[in-house]
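Undergrad: Here numbering that gives the first Met the number 0 is used: the first residue of the sequence shown is 0, the next is one more, and so on.
Note that these hints are calculated values from the structure, not bench results.
Any given hint could turn out to be false.
Said to hold, decoys possible - Derived DEER-like restraints, expressed as beta-carbon distance ranges:
#  : residue 1 : residue 2 : range
1  : GLN55     : THR17     : 19 to 25 Å
2  : ASN6      : GLN77     : 29 to 35 Å
3  : GLY42     : ASP12     : 26 to 32 Å
4  : PRO63     : THR90     : 20 to 26 Å
5  : THR21     : ILE47     : 28 to 34 Å
6  : ASP81     : ARG18     : 19 to 25 Å
7  : GLU89     : MET52     : 28 to 34 Å
8  : GLU46     : ALA25     : 33 to 39 Å
9  : ASP31     : TYR87     : 24 to 30 Å
10 : ASN6      : ARG59     : 20 to 26 Å
11 : THR90     : ARG56     : 34 to 40 Å
12 : LYS94     : ARG18     : 31 to 37 Å
Cβ atoms here follow ideal geometry from the backbone N, Cα and C, with glycine treated the same way.
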Amino acid sequence: MLKWMKNYYIGNDVKNPTRIRTRITAGKFVPDIYVVTLSDNPGNILEILPAGMLVQRSARATCPLIIGMARGKSGAIQMVQDMIEQVYTETGNFKIKEYLKNR
0 MLKWMKNYYI GNDVKNPTRI RTRITAGKFV PDIYVVTLSD NPGNILEILP
50 AGMLVQRSAR ATCPLIIGMA RGKSGAIQMV QDMIEQVYTE TGNFKIKEYL
100 KNR
């Protein structure tokens, strides 16, 4: 079961995000969509995964909290950059998990 942040980030070029989220959650292939998740690896802050990877049941079962979706890898990279800049501007640090809990 995938876990989504309540008010997850949506890239500007994502059309019909509710339908895309439903398809991803159901394990359907969604081309050119990437999800941004919190990282389970203590050495990383965030991870960018292609939504097509979540077709696999084992990947859906182990996927960390999804905090955003974007169209294309460059859109996902831009989203991560914007998130990090926002967190640093507002808090002065890079503690994204704590920032999102208090958002």
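Undergrad: Hint by hint, note whether the structure agrees.
TA: Checked hints:
{"no.": "1", "hint": "GLN55 x THR17: 19 to 25 Å", "in the structure": "23 Å, holds"}
{"no.": "2", "hint": "ASN6 x GLN77: 29 to 35 Å", "in the structure": "19 Å, violated"}
{"no.": "3", "hint": "GLY42 x ASP12: 26 to 32 Å", "in the structure": "30 Å, holds"}
{"no.": "4", "hint": "PRO63 x THR90: 20 to 26 Å", "in the structure": "21 Å, holds"}
{"no.": "5", "hint": "THR21 x ILE47: 28 to 34 Å", "in the structure": "21 Å, violated"}
{"no.": "6", "hint": "ASP81 x ARG18: 19 to 25 Å", "in the structure": "24 Å, holds"}
{"no.": "7", "hint": "GLU89 x MET52: 28 to 34 Å", "in the structure": "31 Å, holds"}
{"no.": "8", "hint": "GLU46 x ALA25: 33 to 39 Å", "in the structure": "22 Å, violated"}
{"no.": "9", "hint": "ASP31 x TYR87: 24 to 30 Å", "in the structure": "29 Å, holds"}
{"no.": "10", "hint": "ASN6 x ARG59: 20 to 26 Å", "in the structure": "21 Å, holds"}
{"no.": "11", "hint": "THR90 x ARG56: 34 to 40 Å", "in the structure": "37 Å, holds"}
{"no.": "12", "hint": "LYS94 x ARG18: 31 to 37 Å", "in the structure": "33 Å, holds"}
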